[in-house]
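2 protein chains.
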Amino acid sequence: MTQQEIITIDALELSNWDRDFLYLLQEGGVTCVHACCGLWENARETISKVGAWHQFFKANSDLVMQVFQGSDILKAKKEGKIGVILGTQNTSALEDDLSLVSVFNQLGVKVMQLTYNNQNLVGSSCYEKIDSGLSRYGKLVVEEMNRVGMVVDLSHVGEQTSLDAIEISNRPVAITHANPDWLYPTKRNKSEKVLQALKENKGVIGVCAYPHLINGKSTTLNEFCEMIMETVDFMGIDHVGIGTDLTMNMSKEFLNWMRMGRWTFEIDYGAGSQEDPEWPEWPEWFKTPADFPNIIRGLQENGMKDEEISKVMGGNWLRFFTNAFTAEEEAQKCEFPI
Amino acid sequence: MTQQEIITIDALELSNWDRDFLYLLQEGGVTCVHACCGLWENARETISKVGAWHQFFKANSDLVMQVFQGSDILKAKKEGKIGVILGTQNTSALEDDLSLVSVFNQLGVKVMQLTYNNQNLVGSSCYEKIDSGLSRYGKLVVEEMNRVGMVVDLSHVGEQTSLDAIEISNRPVAITHANPDWLYPTKRNKSEKVLQALKENKGVIGVCAYPHLINGKSTTLNEFCEMIMETVDFMGIDHVGIGTDLTMNMSKEFLNWMRMGRWTFEIDYGAGSQEDPEWPEWPEWFKTPADFPNIIRGLQENGMKDEEISKVMGGNWLRFFTNAFTAEEEAQKCEFPI
Numbered sequence: 591m592t593q594q595e596i597i598t599i600d601a602l603e604l605s606n607w608d609r610d611f612l613y614l615l616q617e618g619g620v621t622c623v624h625a626c627c628g629l630w631e632n633a634r635e636t637i638s639k640v641g642a643w644h645q646f647f648k649a650n651s652d653l654v655m656q657v658f659q660g661s662d663i664l665k666a667k668k669e670g671k672i673g674v675i676l677g678t679q680n681t682s683a684l685e686d687d688l689s690l691v692s693v694f695n696q697l698g699v700k701v702m703q704l705t706y707n708n709q710n711l712v713g714s715s716c717y718e719k720i721d722s723g724l725s726r727y728g729k730l731v732v733e734e735m736n737r738v739g740m741v742v743d744l745s746h747v748g749e750q751t752s753l754d755a756i757e758i759s760n761r762p763v764a765i766t767h768a769n770p771d772w773l774y775p776t777k778r779n780k781s782e783k784v785l786q787a788l789k790e791n792k793g794v795i796g797v798c799a800y801p802h803l804i805n806g807k808s809t810t811l812n813e814f815c816e817m818i819m820e821t822v823d824f825m826g827i828d829h830v831g832i833g834t835d836l837t838m839n840m841s842k843e844f845l846n847w848m849r850m851g852r853w854t855f856e857i858d859y860g861a862g863s864q865e866d867p868e869w870p871e872w873p874e875w876f877k878t879p880a881d882f883p884n885i886i887r888g889l890q891e892n893g894m895k896d897e898e899i900s901k902v903m904g905g906n907w908l909r910f911f912t913n914a915f916t917a918e919e920e921a922q923k924c925e926f927p928i
Numbered sequence: 591m592t593q594q595e596i597i598t599i600d601a602l603e604l605s606n607w608d609r610d611f612l613y614l615l616q617e618g619g620v621t622c623v624h625a626c627c628g629l630w631e632n633a634r635e636t637i638s639k640v641g642a643w644h645q646f647f648k649a650n651s652d653l654v655m656q657v658f659q660g661s662d663i664l665k666a667k668k669e670g671k672i673g674v675i676l677g678t679q680n681t682s683a684l685e686d687d688l689s690l691v692s693v694f695n696q697l698g699v700k701v702m703q704l705t706y707n708n709q710n711l712v713g714s715s716c717y718e719k720i721d722s723g724l725s726r727y728g729k730l731v732v733e734e735m736n737r738v739g740m741v742v743d744l745s746h747v748g749e750q751t752s753l754d755a756i757e758i759s760n761r762p763v764a765i766t767h768a769n770p771d772w773l774y775p776t777k778r779n780k781s782e783k784v785l786q787a788l789k790e791n792k793g794v795i796g797v798c799a800y801p802h803l804i805n806g807k808s809t810t811l812n813e814f815c816e817m818i819m820e821t822v823d824f825m826g827i828d829h830v831g832i833g834t835d836l837t838m839n840m841s842k843e844f845l846n847w848m849r850m851g852r853w854t855f856e857i858d859y860g861a862g863s864q865e866d867p868e869w870p871e872w873p874e875w876f877k878t879p880a881d882f883p884n885i886i887r888g889l890q891e892n893g894m895k896d897e898e899i900s901k902v903m904g905g906n907w908l909r910f911f912t913n914a915f916t917a918e919e920e921a922q923k924c925e926f927p928i
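Protein chains in written order, with the working numbering: chain D, 591 to 928; chain S, 591 to 928.
Here chain D stands alone, though its shape is the one from the complex (with noise of 0.2 Å):
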């Protein structure tokens, strides 16, 4: 099996891109991502984000294009560009506004994070202490997402919220990225209770390199390989992706600007530690969008089929993003079938 026979999805790349970066994900055979454009940023702030990818669409014209709906991407693959999937890591884009859920959704803000790292008017995060679910405002949020078809993300969201989150969509919602807590804990990964509730949902979680939740720089390709084998035996074939957190070319300003936006004036590590405060380093295996290749490889030589690589690495979220992309009433129609 090559490359070519297959679309490779990223569910969340949080990378600085420039053109580089897009010959990068060419030279590893990646279709689409879902690019973070968002992490504490108000409306006001997050429509100029969207207003930055334009620039950068127009003047990479050539190699990357927007996804706004399943058969982007087919065009992408199609046209051998990179499709960008803009989302955010949080609702602070929605502000107080309900109304708000439907105009970034006709922006291609086509996944929301439903928190960040702090509670915020629709839920909690997995890093408060306690999380009492979602808010009265987020269920609506949750509801209205549904309507317009914008993927509701709980990737950095709280275990309550994420119950919560799961039971009151009636469309499958993503976790882009994490992995089970069983294999890696810590706060941020996900228990088998949310999983098991994602399963039901017929969601879809992609598995996730970020260093701080695996076992760091050191984590081997095979060690890798096996939790993604691991995640598909609990949650299904169907139901497993690549959402590696991929941060390529970003400041140290920016990675304050990640921890602590402007909620504290004191350094909050987040996932990462005192004892380890800069930007982690990634395994050797994953330095760059180019190394794909490696974990179909790293796969293989576990022992999985070609046709269950072809789902993980970006079939699943093909069929998923398809789906979820479409507005509630054109979405009973028609569903990108399993």
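These are calculated hints, taken from the structure and not from any lab test. Please note: incorrect hints may appear among the correct ones.
Pairs involving identical chains hold if they fit within one copy or between any two copies, as the list cannot separate such chains.
To be verified - No farther apart than 30 Å at their CA atoms in a straight line, the calculated lysine-lysine pairs in the DSSO-like style are these:
no.: 1; residue 1: K783; residue 2: K639
no.: 2; residue 1: K729; residue 2: K842
no.: 3; residue 1: K895; residue 2: K877
no.: 4; residue 1: K667; residue 2: K719
no.: 5; residue 1: K729; residue 2: K895
no.: 6; residue 1: K842; residue 2: K783
no.: 7; residue 1: K729; residue 2: K667
no.: 8; residue 1: K665; residue 2: K777
no.: 9; residue 1: K668; residue 2: K719
no.: 10; residue 1: K719; residue 2: K665
no.: 11; residue 1: K719; residue 2: K729
no.: 12; residue 1: K792; residue 2: K719
no.: 13; residue 1: K719; residue 2: K789
no.: 14; residue 1: K842; residue 2: K667
no.: 15; residue 1: K895; residue 2: K777
no.: 16; residue 1: K665; residue 2: K807
no.: 17; residue 1: K648; residue 2: K719
no.: 18; residue 1: K665; residue 2: K729
no.: 19; residue 1: K665; residue 2: K639
Since the structure of chain D is already known, use the hints to place chain S on it.
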């Protein structure tokens, strides 16, 4: 005892202020009002609200002045003016930016209620199904409010967030407008547990005449004064004041904003109900601020001593605000004694 001999302070009014309203306050012998200048507003919207108050102060400088510190209340009394303390019934003005606490403090926004009717970045409201307490950001906000001398108000705040705030705060906090819930059971009124914690914190509660928080417009002056006496029995004579929550001259449009902000497409009635969807009617004995002398009379008729009436009508708030508005470092040098 005459109205002239005491200082009357209303710890919360939501009214729409004009010159006629100032005359009514004068007629009622009111020296100082904590005026609400924000419910759901963000930072940008709140500074415009402050700007509108600047215009009002300028246009009516013979009758009204802004209060930044306790001595300003005494000055207002001496000059026969109405002193206005600006405050917000939410921390939405801070957005996610801890540094805005000192900014709004400098603008004279000397009181902030930690939450309005919904969960926010800081904590949870009395109307949310579950209250997980102060968030990580919320703890930093309370500490910073303590430092700069901005009052933590818990009136609409949820049970656990209230208890957490009282525990975290190293200064007395306020419940500017609410009643004991064992006298009038509603979500908005306060439990014995919270009031016991407030008492130990040396805080002050402002008993509230908002019809939905008592027995509607049929509540008699005697019943209201009995509630004051019972609250004094529980809290002690130094820890009870008045916070009417008066809502004069407010439009139906503002009622919708108060209830729904931008967070829901369907109406939420808050303390009201579908059966009684309009602004509530107030009791005959408190239709305007000119009716404050009725409360003094009622307390006298209930046998309260003049010295105690003086404390309840404003003396306690004067002491509380004088201490609370002082920056922490300054406050350690001199406290206005009980």
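Going through the hints against the structure:
For the identical chains of this complex, K783 and K639 are neighbours neither inside a copy (35 Å) nor across copies (47 Å), given an alpha-carbon limit of 30 Å. In this homomeric assembly, K729 and K842 come within 30 Å of each other (Cα to Cα) only across copies, at 26 Å, whereas the closest approach inside a single copy is 36 Å. In this assembly of identical chains, K895 and K877 lie within 30 Å of each other by CA distance solely inside one copy; the values are 25 Å within and 78 Å between copies. Taking the closest pair of Cα atoms, K667 and K719 never come within 30 Å of each other, the shortest separation being 43 Å inside a single copy and 46 Å across copies.
In this assembly of identical chains, the alpha carbons of K729 and K895 never lie at most 30 Å apart, being 40 Å within a copy and 51 Å across copies at closest. In this assembly of identical chains, K842 and K783 lie within 30 Å of each other by CA distance neither inside one copy nor across copies; the values are 35 Å within and 46 Å between. Taking the shortest Cα distances, K729 and K667 never come within 30 Å of each other, neither inside one copy (36 Å) nor across copies (49 Å). For the homomeric pair K665 and K777, neither the shortest alpha-carbon distance inside one copy (38 Å) nor that between copies (54 Å) is at most 30 Å.
Within a single copy, K668 and K719 get their C-alpha atoms no closer than 47 Å, and across copies no closer than 49 Å, so neither meets the 30 Å cut-off. In this assembly of identical chains, K719 and K665 lie within 30 Å of each other by CA distance neither inside one copy nor across copies; the values are 44 Å within and 46 Å between. In this assembly of identical chains, the alpha carbons of K719 and K729 lie at most 30 Å apart whether taken from the same copy (21 Å) or from different copies (12 Å). In this homomeric assembly, K792 and K719 come within 30 Å of each other (Cα to Cα) both inside a single copy, at 29 Å, and across copies, at 27 Å.
Taking identical chains as interchangeable, the C-alpha atoms of K719 and K789 lie at most 30 Å apart whether they share a chain (26 Å) or sit on different chains (27 Å). In this homomeric assembly, K842 and K667 never come within 30 Å of each other (Cα to Cα): the closest approach is 34 Å inside a single copy and 55 Å across copies. Taking the shortest alpha-carbon separations for K895 and K777, neither the intra-copy value of 32 Å nor the inter-copy value of 58 Å comes in at or below 30 Å. Taking the shortest Cα distances, K665 and K807 never come within 30 Å of each other, neither inside one copy (35 Å) nor across copies (66 Å).
Within a single copy, K648 and K719 get their C-alpha atoms no closer than 44 Å, and across copies no closer than 47 Å, so neither meets the 30 Å cut-off. With identical chains, the CA atoms of K665 and K729 are never at most 30 Å apart, being 34 Å at best within one copy and 49 Å at best between copies. Taking the closest pair of Cα atoms, K665 and K639 come within 30 Å of each other only inside a single copy of the chain (24 Å); across copies the shortest separation is 50 Å, beyond that limit.
In the structure shown, a violation is registered for the earlier hints numbered 1, 4, 5, 6, 7, 8, 9, 10, 14, 15, 16, 17 and 18, in ascending order.
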